[in-house]
Amino acid sequence: MAPTPPASRPDSSARVVWRVLRSNPLSLGGFALIVLIGVVAAVVAIDPHLLIPYGPQQITGAYHARPSWAHPFGTDGNSFDVYSNVLLALPLDLGIGILIAGSALLGGGTLGLIAGFFDRPGTLGGALSVVIMRITDIFLSFPSLILALAITRALGLGVGPTVLAIGLTWWPYYVRLVRGEVLAVKGLPYVVAARASGVSEWRILARHVIRNVLEPVVVFFTLDIGTVLVTYSTIGFIGVASKYPSAQPEWGAMLAFYQSSGAINAYPWEVFAPGAAIFVTVFAFSLLGDGLRDILDPRTRRAFVRSSAGREPPAEVPATALPSGTVPPSAPANDLGAPA
Amino acid sequence: MGRNPSDLLIFIGKRLLQLIPVLVGVIVLTFFFTHLDLTNVCNEWYPHAGASTIHNCELTVNQPLANQFVQYFVNLLHGNWGTDVYGAAVYPQIAAALPATLELVLAALFLMVVIGIPLGVIAAQFSGRWADHLVRVFYLSGWATPTYLGAVIAAVFLGPLLGLPSGGEFSTKAVPFSQYTHMSVIDAMLAGSLPYTADAISHLILPAVVLAFINMGIATRMTRASMLEVLPLDYVRSARMKGLSEFWVLYKHALRNALITTTTVLGITAGGLLSGTVVVEEVFLWPGIGQYAYVSIGGGGSVPNFAGAIAVVIIFAIAVVAANLIADILYGVLDPRVDWR
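For the protein sequence lines, the chains are D and B, in the order given.
Position 44, counted from 1, in the first sequence is what the numbering used here calls 47; the numbers after and before it change by one each time, with no gaps.
Position 158, counted from 1, in the second sequence is what the numbering used here calls 183; the numbers after and before it change by one each time, with no gaps.
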């Protein structure tokens with residue numbers, strides 16, 4: 004094989020991500036923030052005393068103190084340190100976001116793979132995929148917040164039931180996303196070629212389809228962590244998820260407590276600190292995810308490739324999604340992001 | 026290809042038929058999920074109720090789930106949506122609360138259209154430059170703002186700052202005209218009272234702005250993406266070559282096509298807007314279905330209302346399905362490539 008010029012070499016996913024980050028200062032900022040938040044969460048989870056001066060329910064003796072060096076976010080009516088509580092809640096809230104979005108990705112993703120890959124009518128898989136998509140459509144009709152609220156109420160109050168409730172409502176979008184991607188990838192020449200050369204269906208699924216579906220799904224997952232966080236803390240705010248003050252604080256519950264105790268006018272820092280914590284965390288994930296989505300949305304991708312690479316679009320973009328060497332340079336641009 | 030007016034009826038009829046299984050599925054799922062934990066459900070839903078209520082609940086719960094469901098479904102079709110803990114029927118309460126929410130959601134949708142769509146055009150026009158980044162920061166901060174934080178800040182700080190009221194539909198508790206539609210602005214207009222109309226609008230602004238700000242990203246992002254798709258096309262280029270002004274090219278020629286895709290936003294935002302009303306209406310004391318949901322679910326330590334909560338979940342799902350239907354039909358009408366038959 005003749006040495007290919009560097010310009011047409013297919014990019015790895017990591018390289019595409021890096022190019023997005025470089026071309027989009029907002030995404031880069033989001034990425035940096037996520038790294039920072041992750042490090043802080045890890046430190047708090049491993050050894051809270053490194054960053055947190057007070058326990059969650061430790062009486063400090065200062066009531067409704069203004070923010071100061073001793074109490075960066077002030078203290079509340081119980082004289083608990085707000086900064087310590089906000090930081091202690093970080094691993095829980097972040098963990099819940101990753102846990103719920105992650106299990107939705109695994110569960111919904113698997114169903115989407117089945118519905119997209121084995122959808123030949125008249126087979127068992129075909130029937131199964133019809134059933135999966137019908138049920139998914141029904142689930143997609145619910146605003147997930149309200150269904151999660153009702154389920155939480157039926158299961159019982161607390162963190163565990165709330166996580167379960169949101170998890171039960173969260174997976175359907177992943178089914179639709181993954182199925183759309185699988186349907187798009189399935190018709191590509193390299194899959195047809197693999198099938199023609201006798202590669203087994205399972206092997207095609209594992210080695211060719213999943214690998215190429217992964218990228219857009221992971222990007223959506225990034226954005227989704229923030230959405231889960233907002234939903235969870237909203238349920239916390241409504242007062243069905245968790246209570247505050249508690250040994251394991253949670254941002255939504257903190258905000259609900261401070262707001263209902265009428266603190267916002269007199270002691271605004273009490274309401275702002277947990278609110279700002281949610282905002283910054285979700286904002287970080289959104290900044291990163293929003294930039295990355297530009298390359299996955301078929302409508303924006305062309306513009307993105309034009310502006311950031313300065314080259315003609317068709318040859319390059321599909322190549323980012325395909326394993327090197329399997330694609331002729333003239334492969335048609337497919338619509339990766341278009342759900343069928 | 027069928028695009029006669031008579032074919033449109035077939036198009037709409039088909040969509041309506043497809044809805045029936047979805048709606049039945051919605052009711053089945055809601056019922057099943059709210060009855061997940063059979064051992065605990067009575068104590069969970071009637072924590073403060075007397076022994077007789079709990080006993081009645083347990084009598085129902087001890088029947089097979091299928092029987093309970095059939096009973097519930099038949100009652101639902103007959104307009105008997107159950108009663109709250111005080112014995113009041115749920116259905117009239119919901120019917121009275123629904124219009125107020127519709128008014129709020131439509132006002133938010135209006136703001137999303139008049140602010141969000143031009144922002145999307147600007148972002149596409151200056152794609153990759155600072156104006157684009159600024160628009161992104163704007164809609165992503167809406168996305169990242171928890172609804173309750175936005176609502177509380179608007180109610181406590183923005184309201185007094187701008188002199189806007191932040192509670193209820195009118196400044197006075199009792200209004201001197203009958204509320205036919207239960208939509209504050211329209212009722213005041215029907216009564217022909219200018220001061221009350223102005224009062225109703227000023228009460229509507231803050232909650233609608235919060236709701237719109239939080240959901241702005243969907244409209245802006247969709248417009249931006251469709252504009253980026255349309256802008257490099259030949260017909261836009263030739264419009265430019267004809268010497269049309271940039272404004273005319275963008276907003277007349279390009280946006281017109283881009284907006285066809287943006288109508289699908291209606292379906293996507295319905296869920297977000299409705300979820301938003303649960304907290305926004307509670308904070309702004311808006312007497313709509315969101316506040317009803319908040320109270321029914323036991324929000325803020327209120328006495329939960331089992332029948333009401335189930336009904337609200339079903340109503341919200343029906344609203345999302347209806348919004349998707351409208352978006353679907355609108356898309357079919359606007360895009361000449363869609364075959365109606």
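Treat the hints as calculated values from the structure; they're not laboratory data.
Do not rely on the hints blindly, as some may be mistaken.
Lysine to any residue pairs mimicking SDA-like chemistry, simulated, CA-CA at most 25 Å apart [stated by the list, open to error]: (1) D:Lys246 <-> B:Val53; (2) B:Lys39 <-> D:Leu131; (3) D:Lys246 <-> B:Met266; (4) B:Lys39 <-> D:Pro124; (5) D:Lys246 <-> B:Arg262; (6) B:Lys277 <-> B:Ile178; (7) B:Lys39 <-> B:Val53; (8) B:Lys39 <-> D:Ser203; (9) B:Lys39 <-> D:Ile40; (10) B:Lys39 <-> D:Lys189; (11) D:Lys246 <-> B:Ile52; (12) B:Lys39 <-> B:His60; (13) D:Lys246 <-> B:Lys39; (14) D:Lys189 <-> D:Ser203; (15) B:Lys39 <-> D:Gly129; (16) D:Lys189 <-> B:Gly326; (17) B:Lys39 <-> D:Ser263; (18) B:Lys198 <-> D:Pro124; (19) D:Lys189 <-> D:Ile267; (20) B:Lys277 <-> D:Leu131; (21) B:Lys39 <-> D:Val220; (22) D:Lys189 <-> D:Ser263; (23) D:Lys246 <-> B:Ser327; (24) B:Lys39 <-> D:Arg137; (25) D:Lys246 <-> B:Ala199; (26) D:Lys246 <-> B:Leu355; (27) B:Lys39 <-> B:Leu61; (28) D:Lys246 <-> B:Leu258; (29) D:Lys246 <-> B:Lys277; (30) B:Lys277 <-> B:Met266; (31) D:Lys246 <-> B:Leu350; (32) D:Lys246 <-> B:Lys267.
Compare the structure with the hints numbered earlier in the document and write down the numbers of the violated ones, lowest to highest. 1, 3, 5, 6, 8, 9, 10, 11, 12, 13, 16, 17, 18, 19, 20, 21, 22, 25, 26, 27, 28, 29, 31, 32
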